[in-house]
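> Line by line, the protein sequences give chains A and B. Under my numbering, read the first sequence as residues 1 to 170, first letter to last. Under my numbering, read the second sequence as residues 1 to 419, first letter to last.
Don't take every hint at face value.
Below, simulated BS3-like cross-link-like pairs (lysine-lysine); rule was C-alpha separation at most 27 Å, straight line [said to hold, decoys possible]:
| no. | chain 1 | residue 1 | chain 2 | residue 2 |
| --- | --- | --- | --- | --- |
| 1 | A | K101 | B | K411 |
| 2 | B | K276 | A | K149 |
| 3 | B | K70 | B | K34 |
From chain B, some residues computed to sit far from chain A (all C-beta separations above 12 Å) [said to hold, decoys possible]:
| no. | residue |
| --- | --- |
| 4 | E4 |
| 5 | D16 |
| 6 | P88 |
| 7 | E127 |
| 8 | A145 |
| 9 | F153 |
| 10 | W227 |
| 11 | P299 |
| 12 | C345 |
| 13 | K368 |
| 14 | D371 |
| 15 | E376 |
Source of the hints: derived by calculation from the structure; they are not laboratory data. As the structure is a computational prediction, the values presented were derived from the model and not from experiment. Ideal Cβ positions, reconstructed from N, Cα and C, are used throughout, including at glycine.
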Amino acid sequence: MRTNLEANWAVTPETEQKIVDTAGRYQTEPWQLMHILLDIQKIANNSFPREVAVIVSRETGLSEASLYSFISYYAMFSPSERGRYVVRMCESAPCHVRGSKAVMEAISKTLALQPGETSGDGRFTLEYCQCLGLCVNSPAVMVNEAVYKDLTPGRAATLMEDYMRGDYDA
Amino acid sequence: MLEETRIVLRNVDEIDPVSIEDYRARGGYEALKKALSMTRDEALSEIDKSALRGRGGAGFPIGKKLSVTKAVDADQKYIICNADEGEPGTNKDRVVLSGDPNSVFEGMAIAAYIAGAAKGFVYLRFEYPYIFPILEQALENARKAGCLGGNIFGSGFDFDISVVSGGGAYVCGEETALIASIEGKRGEPQFKPPYPGVKGLFGKPTVVNNVETLANLPQIIQNGGEWFANIGVPNCTGTKVFTLCGNVARPGVAEYPMGTNLKDIFEAHGGVKDGKDLQGFMLGGQSGNLINPDQMDLPMDIDTCRARDAILGTGTIMVMDDYCEILDIVENIMSFFIHESCGKCTPCREGNIRMHEIIHNINAGDGKLEDLDTLEELAEVMQITSLCALGQNSSYPVITSLHNFRDDYLKAIERGQRA
Ligand SMILES: Cc1cc2nc3c(=O)[nH]c(=O)nc-3n(C[C@H](O)[C@H](O)[C@H](O)COP(=O)(O)O)c2cc1C
Ligand code: SF4
Ligand code: FES
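Please model the complete structure; the sequences and the hints are all you need to start from.
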């Protein structure tokens, strides 16, 4: 989904350098392509826009077409811009039988977002995801790379409020 | 009360996972040392005697895989540890890797020595980013101590490991898809043969094994294959690391001998949460089976499960209380497979969508009795004609729920017809 968020993030000389350095790892360790592209996506505010692909293509020698063929296959890449925090709520069966639906409703209400949407201020993207491997602590949610377990609707709402307040902003 | 038998989990929660000193204080890397003092054939024969079968779902003997790759002549071979753990309801590999990574590295090194590989990869699923630094630090410490890297223990054997990341695709747990993914390609399953053991990563012979399988190897070498073969049941030796989840009183990851009765495991974990009634279990992950309480007297090993129309799979035991709606759960599971099918072959790509649609309609009160036959027919086609085990197995939860919870389907259809 392309939104008016595009203005929120643009390549600067500084971020370009970071992307170039990260992409450089490909020459010695080609098997790290996934990791490299995921790191670059982090630099690019959780998305993989065309401007970034151009730089990566130049640095790795991989064509833009083959880069997009790769990233479009894997769920963790997003060609369109996402929020600073990607909130991913597990919807697989073990979380489902422990009340993930009610937790998702609480999160959705607190963030005022439906699954798949990004907030207008570019801070949050809400997504459903599959099992996070935390089923012994269901229901579980991931916010970027942090995990939160044993959630109730109340705890999930509080967590989102903490994020909204900026408690987790570096 | 049933006690755990910890082989794979023996160090978990007992040591600092990144500390090489802690690991070695509990006998760590002694097995690798021992293996390096044996010939490759001698080491392989201990693995063969153990009769260890793969723990990633398919149950293939690792000794056979190692001997295939050992026999191939190649300038480079690889060992891959499959840590993609995407099967919903499975947490065991996370617990092993984050709690005792060296047991997996040591197992990989032993496998590498036997097969003749010098390089290994751990393919870590995207959803476990917090395990990355643990693995990197543990690797660094093991190298510094001379347990990994060049000329290990002065034996002349070189072996090192890199950690690579998954991209959030369940199907990349399938070994040929996983290999494609490391090669920088779309992770689609490939036709076999050639098998990875002969022609795998970058075209080289490659042994792919699950985390839990590999973590067993040090103990097998250390205590002997016969010791291992005496644990569990004759055709299915050793232990299994189970994940207890869902509406169970005490969820967790726990290790019991193969063949331990489901009833005993369930009771050891406190039965149903909040004293509710038991409605059934999902066994072996979402590509597993749904069984009802009458089927609970079940020895949990690969062959007995298979013979009783159940699946051991990854060792998932998801408990469902009587508040669960079976059709909701099956619908949820089928939407997972729609999402995760790579779309390469038609029976899987279309079949999962059709099954989901039919179940959704029945659940919404728009079902007909004939739909149940259609589900059976669809399942048969998918099982026979799909390229990989995703499409071959994704109908299991539908078919088993249809057999073991038939009343739920009939009631939903009846409800619809009355309305
Ligand atoms: C769709 C699909 C997903 C799979 N996911 C995994 C996984 O996450 N981990 C795993 O070890 N094996 C997985 N497998 C099985 C692997 O293809 C392979 O059989 C296994 O890694 C071999 O290791 P083992 O013999 O030690 O079990 C999967 C298979 C399929 C078809
Ligand atoms: S069975 Fe499904 S997942 Fe496997 S190759 Fe075919 S479409 Fe892809
Ligand atoms: S089902 Fe949600 S973490 Fe596994």
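> Against this structure, judge whether each hint is valid.
Taking the hints in turn, this is what the structure says about them:
| no. | hint | verdict |
| --- | --- | --- |
| 1 | A:K101 - B:K411 | 24 Å, holds |
| 2 | B:K276 - A:K149 | 23 Å, holds |
| 3 | B:K70 - B:K34 | 19 Å, holds |
| 4 | E4 | 15 Å, holds |
| 5 | D16 | 21 Å, holds |
| 6 | P88 | 4 Å, violated |
| 7 | E127 | 5 Å, violated |
| 8 | A145 | 23 Å, holds |
| 9 | F153 | 26 Å, holds |
| 10 | W227 | 30 Å, holds |
| 11 | P299 | 23 Å, holds |
| 12 | C345 | 16 Å, holds |
| 13 | K368 | 26 Å, holds |
| 14 | D371 | 22 Å, holds |
| 15 | E376 | 22 Å, holds |
In this structure, the hints that do not hold are numbers 6 and 7, in rising order.
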